[in-house]
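Peer 1: Please arrange chain B on chain A, whose structure you already have, making use of the hints.
Protein chains: 2
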Amino acid sequence: MTIIFWDLPSTVGPWSPNTWKVSRYCLNLKKIPYKTEWVEMPDVAAHCQKLGISPTTNKSDWNIIHALPAIHDLSTGIYLSDSVRIAEYLETQYPDGPQIFPRNTIGLQIDFEDCLNAKLASLWEFVVPPIWHILNPTSQVYYRTTREKAWGKTLEDITPSGDDRAGQWKKVEAGFSGMAVWYSKKSGGGPFMMGSQVSWVDFVVGGHLMWFNKAWRDDDPKWKAIMLWNSGMWTTLL
Amino acid sequence: MTIIFWDLPSTVGPWSPNTWKVSRYCLNLKKIPYKTEWVEMPDVAAHCQKLGISPTTNKSDWNIIHALPAIHDLSTGIYLSDSVRIAEYLETQYPDGPQIFPRNTIGLQIDFEDCLNAKLASLWEFVVPPIWHILNPTSQVYYRTTREKAWGKTLEDITPSGDDRAGQWKKVEAGFSGMAVWYSKKSGGGPFMMGSQVSWVDFVVGGHLMWFNKAWRDDDPKWKAIMLWNSGMWTTLL
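Protein sequences, first through last, are from chains A and B. Here full-length UniProt numbering is used: the first residue of the first sequence is 1, the next is one more, and so on. Here full-length UniProt numbering is used: the first residue of the second sequence is 1, the next is one more, and so on.
It is possible that some hints are incorrect.
[Unchecked claim] Quick list of the computed label-pair ranges, beta carbon to beta carbon:
1) A:Pro55 x B:Asp164: 26 to 34 Å
2) B:Ala121 x A:Asp163: 25 to 33 Å
3) B:Lys170 x A:Asp163: 33 to 41 Å
4) B:Asp219 x A:Trp229: 32 to 40 Å
5) A:Gln49 x B:Gln93: 55 to 63 Å
6) A:Asp164 x B:Ser75: 47 to 55 Å
Quick caveat, the hints were computed from the structure, so don't treat them as lab data. Just so you know, even glycine gets a beta-carbon here, dropped at the ideal spot from N, CA and C.
Excised from the complex, chain A in its bound form (with noise of 0.2 Å):
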C-alpha cells in the first residue's frame, strides 16, 4: 500500500495544521508509506476538480472550497480531502496497530477541534500574517487576496497592536491553561491526552503548534513563551 499525499509547500517545509494531523502524525502512526507531491494554493481547486476529490466544504459565504489535505490511495483507488474524512478513512482501512480513535472515542475527539479554535481564538491574528512570509510567490498573491476578505482588512492590520495586542495575547495564554487542564486529568502518566496513548487530539494540537513554529520561526518571543507555559509541557506534544 502506498499513499499519494497533498500537501502545501512553502520555503520552510509543511505549515498547514490540517496537513500535518494527517500526514506527519495518522500517516506515520499507521506506519503507511506515502508519497508527497506539492500543490501552491492558487492551483489546489483545479487539481481536486481534475481528479473528481469532492469538496472539503462548502460554506455559505466562501462558495465550494477545495483544500488539502487531499490522499490517492494506490492499493484501493480511493481519492479523498478533509482531515477528518481522511482519517476516517485511514481508521477503516487499515484497522491493524495503533489506532487515531482509540477505545470508541471518535466522537469525543472530533469535538475537540472546536475547542481548540473557540479556547485559542485570539491567536490567529498573530499567525495568519506571518505566514504569508514563507509562502512561494505564486501563494503569496491567493493567499493575501483570501486572508484580506475573510477578515475585511490588510494582512498586516490583522495582528492587534498596543493594549489591543496583550490582552489578545494574554487570552491565548488563558486558553493553553484551559487546555492543560484537560490534559492534566488522565490518569497513569504519559504526556496525552488519553495518557501514554496517543490519539487525534493530540495530533490536532500538534498540528497547530507547528503552524505556530512554522508562523514564526524558533527564536520569536511568542514561540519560545508556549513552549514554557503550563511546565513545558507542550513541546512534548510536537
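Peer 2: Chain B in isolation, oriented as in the chain A frame:
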C-alpha cells in the same frame, strides 16, 4: 455510604443542568444512596459558607460565587461543590461499577461542555427567561436580579423576537445537528457518545435537555421540535 445532595428547588422539581448531571446521572450510575436537600438560590452562599464548602468559581466579573450542586459524603466527611469536581470525587472514591469517565477519557470528556456551550450559545436566550416562572418567590427575586445584571436587559427582553428570533433558533438547530455528527461517529451501536457505554458527556447533554424541558414543559413547540430533530436521537439521552 450515603450522600447529602443539595439541589435548587422549583415548583416542578430539579431544573438546573448542573445539579441534574450529578444527582440523577452520576449518583444513579454508581448506585450511591443519596438524600436530596433543597436550598433556595438566595440562601446558597450562606449555606456553603456555613459548611465550609469552597466557592464553585471565581469569576473576576462576578466576585466569588457559591453555586449548587454541592454534596456532603457522610462516609468520608467531605463537603464539595462544582459538578466536575463532584464527578471526579465520586469516580475516585467509589471506583467499583460503571465509570463516569471510562477508558482514561476524562480530558476528552470535560472539554465537551465548552463545545456544547459554544454549539448551543443561542439557546440560552430561549431558556433563561422562562425558568423564572417555575421558581419559588424567594428565588425569583434573586434569579431576576442576577440574570438581568448579567445580560444587561430585563428577563422579558432576553429572548429575541421577529427575524432575530428565527435566526437564533436556526442556530440552535444547527448546533444540535453539529452535536449529532459527533454522536453519529461511534462504532458498535448504542445511543451514547461512546456507543453502548454511557459517560459524562451524555450526562451533560441530558442535564441540558432536562433544563430545556423544565423551562418550556412538554407541550412547548420548541421542546417538541428538539425531540424530533436528528431522527429523535435526543429523546434517548433523557
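Peer 1: Would you mind marking each hint as holding or not holding in the structure?
Peer 2: Verification of the hints:
1. A:Pro55 x B:Asp164: 26 to 34 Å: With Cβ atoms ~31 Å apart, the hint holds.
2. B:Ala121 x A:Asp163: 25 to 33 Å: Because 27 Å falls inside the window, the suggested range holds.
3. B:Lys170 x A:Asp163: 33 to 41 Å: Hint holds: Cβ distance 36 Å, inside 33 to 41 Å.
4. B:Asp219 x A:Trp229: 32 to 40 Å: violated, 51 Å
5. A:Gln49 x B:Gln93: 55 to 63 Å: With a Cβ separation near 58 Å, A:Gln49 and B:Gln93 satisfy 55 to 63 Å, so the hint holds.
6. A:Asp164 x B:Ser75: 47 to 55 Å: Given about 52 Å between the Cβ atoms, the range holds.
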